[in-house]
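Novice: Just so you know, the protein sequences line up as chains A and B, in that order. Start counting the first sequence at 1; every next residue gets the next number (this note's numbering). Start counting the second sequence at 1; every next residue gets the next number (this note's numbering).
One or more hints might be untrue.
What the hints assert, rightly or not - Pairs of lysine-lysine residues, derived as DSSO-like cross-links and limited to a Cα-Cα distance of at most 30 Å, are as follows:
hint : chain 1 : residue 1 : chain 2 : residue 2
1    : A       : LYS102    : B       : LYS14
2    : B       : LYS44     : A       : LYS102
3    : B       : LYS14     : B       : LYS77
4    : A       : LYS70     : B       : LYS70
5    : B       : LYS199    : A       : LYS129
6    : B       : LYS129    : B       : LYS102
7    : B       : LYS102    : A       : LYS255
Rather than coming from a laboratory, the hints here were simulated on the basis of the structure.
So you can see what is in the structure, the chains are spelled out below.
2 protein chains.
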Amino acid sequence: MTRTELIQQIKQKKSFLCVGLDTDINRIPQHLLAEEDPIYAFNKAIIEATEDLCVAYKPNIAFYESYGVKGWNSLQKTWEVLPKNCLSIADAKRGDIGNTSKMYANAFFDQSISGMSFDSITIAPYMGKDSVTPFLDFEGKWAIVLALTSNEGSLDFQNFTNSNGKQLFEEVIDKVNSWGSKDNLMYVVGATRGEGFIKIREHAPDHFLLVPGVGAQGGSLQDVCQYGMNKDCGLLVNSTRGIIYASNGTDFAEKAREEAIKLQQEMEIELERAAII
Amino acid sequence: MTRTELIQQIKQKKSFLCVGLDTDINRIPQHLLAEEDPIYAFNKAIIEATEDLCVAYKPNIAFYESYGVKGWNSLQKTWEVLPKNCLSIADAKRGDIGNTSKMYANAFFDQSISGMSFDSITIAPYMGKDSVTPFLDFEGKWAIVLALTSNEGSLDFQNFTNSNGKQLFEEVIDKVNSWGSKDNLMYVVGATRGEGFIKIREHAPDHFLLVPGVGAQGGSLQDVCQYGMNKDCGLLVNSTRGIIYASNGTDFAEKAREEAIKLQQEMEIELERAAII
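The whole structure should be built from the sequences, with the hints applied where relevant.
Specialist: Below, the structure is given as structure tokens:
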């Protein structure tokens, strides 16, 4: 999916919502356990209930990988039902030396090899340039590189500061920017510190940002938009638990839709406020 | 596998060799393509030809993942034939927020969930403490954290330096040290700059180091030992291409064994020089 297509989807759906598919067999409704593949059945129902309200889906690969071969089978089937008008994000946090990153790129981008072709993948930048660039060699695909995350340990290394007062996450954005463009690079920026987006936007004014941490993790959508939105929106705000686990009864898909509608409506207000729609 | 058991294996086999299983369908001998699972057939033959000469095997997960469900099946079967007296390393470079790292730990450490239980996994540290500690909660398992790698892009971020002259890889080792111990933590340190080990050993004198980059990538075993060996050996030196692709004919396993013998003999000299055996 190109940048232009993504922006079109945002304007059309009046939404920049990404739904996280961190599907945990221990948290899905009991009645689904009778299905042949409960994780896939859950995902399919969630997707059908939300696809007109969001512009991206983000399966968290760890949740599938934890079940080994069986889990990869659920991931494969889930990939097959992801709507083509939504950006598909393999949330995999991969990154290795060049020849190995190339293999990870094949895994998530080359259907003829792996059976799957996501639009994008999340990348950990610690190993530098050759760990990122193999993902940028695929036309129409995106590398979404970790910059400033929202988790407890995010500041252990990400705010390591050089003698000019520059923090590691700033160095990451500046260097990674030079390896690609706003058409094939995004950054992961956590929502838990809205004002943190000011500094991010100094380094990446035009790039899309994938933003976890709104809702369950405590980030405010309004703060994220105030400090992080750009003229093309430039944000994909992820929600996982608040949507997919809104209910663990037989009404789980309906309740997920209700929560997605609430977020879409808040997002519509922000897009109007910024005169994007 | 405990630290004591690993040291025993090193002394007994007079070797600290790790064989990398970066098995690429395009590089294995043609005659194996007739097998039902050529990657597994290749790995099994390499393991049988080398298991008395090495103390660790390191499947590079990307090479399996690139084939999707089928590749994970080859990985599962390969794990089943890894000898119990060798440290098994899932070279996966994983790392995510706490609840997700827990899922990755289940994938590689908990056989009851994923079907596999490696002794160790490689970890990317960018996301900090909660991305590493879930792997340390498993008794007898190891987290092998990236410190200073040997690839082209390694210095893009790993030598980012604070106002006290401390580099990021040093900060990583110091902080990660405080989350575990020499009994459940190792570090990845590339072999391409032998003298680089002096600084590593200032921060991690007692930990085992997993060392890629000897041979094909240009590192010298003698330099690594001179600067990196400690009283318990403290090194696992990986070789991949030099061993597993020593021949692409029907004699591939035999030639792999010959190359492994050469390395084992060089290692025996180093272990004797350091009075470890």
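Novice: Can you confirm whether the C-alpha distance between B/LYS102 and A/LYS255 stays at or below 30 Å?
Specialist: 27 Å, holds
Novice: Given the hinted pair B/LYS129 and B/LYS102, is their Cα-Cα distance within 30 Å?
Specialist: 12 Å, holds
Novice: Take the C-alpha atoms of B/LYS14 and B/LYS77, compute the straight-line distance between them, and say whether it is at most 30 Å.
Specialist: 28 Å, holds
Novice: Run the distance test for B/LYS44 versus A/LYS102: straight-line Cα separation, threshold 30 Å.
Specialist: 25 Å, holds
Novice: Would the pair A/LYS70 and B/LYS70 pass a check requiring their Cα atoms to be no farther apart than 30 Å?
Specialist: 11 Å, holds
Novice: Keeping to a limit of 30 Å between CA atoms, is the pair of A/LYS102 and B/LYS14 held or broken?
Specialist: The given pair, whose Cα atoms are some 35 Å apart, is violated under the 30 Å limit.
Novice: Just to be careful, I want the Cα atoms of B/LYS199 and A/LYS129 compared with a cutoff of 30 Å; is the pair within it?
Specialist: 24 Å, holds
Going through the hint list in order, the structure does not satisfy hint 1, though it satisfies all others.
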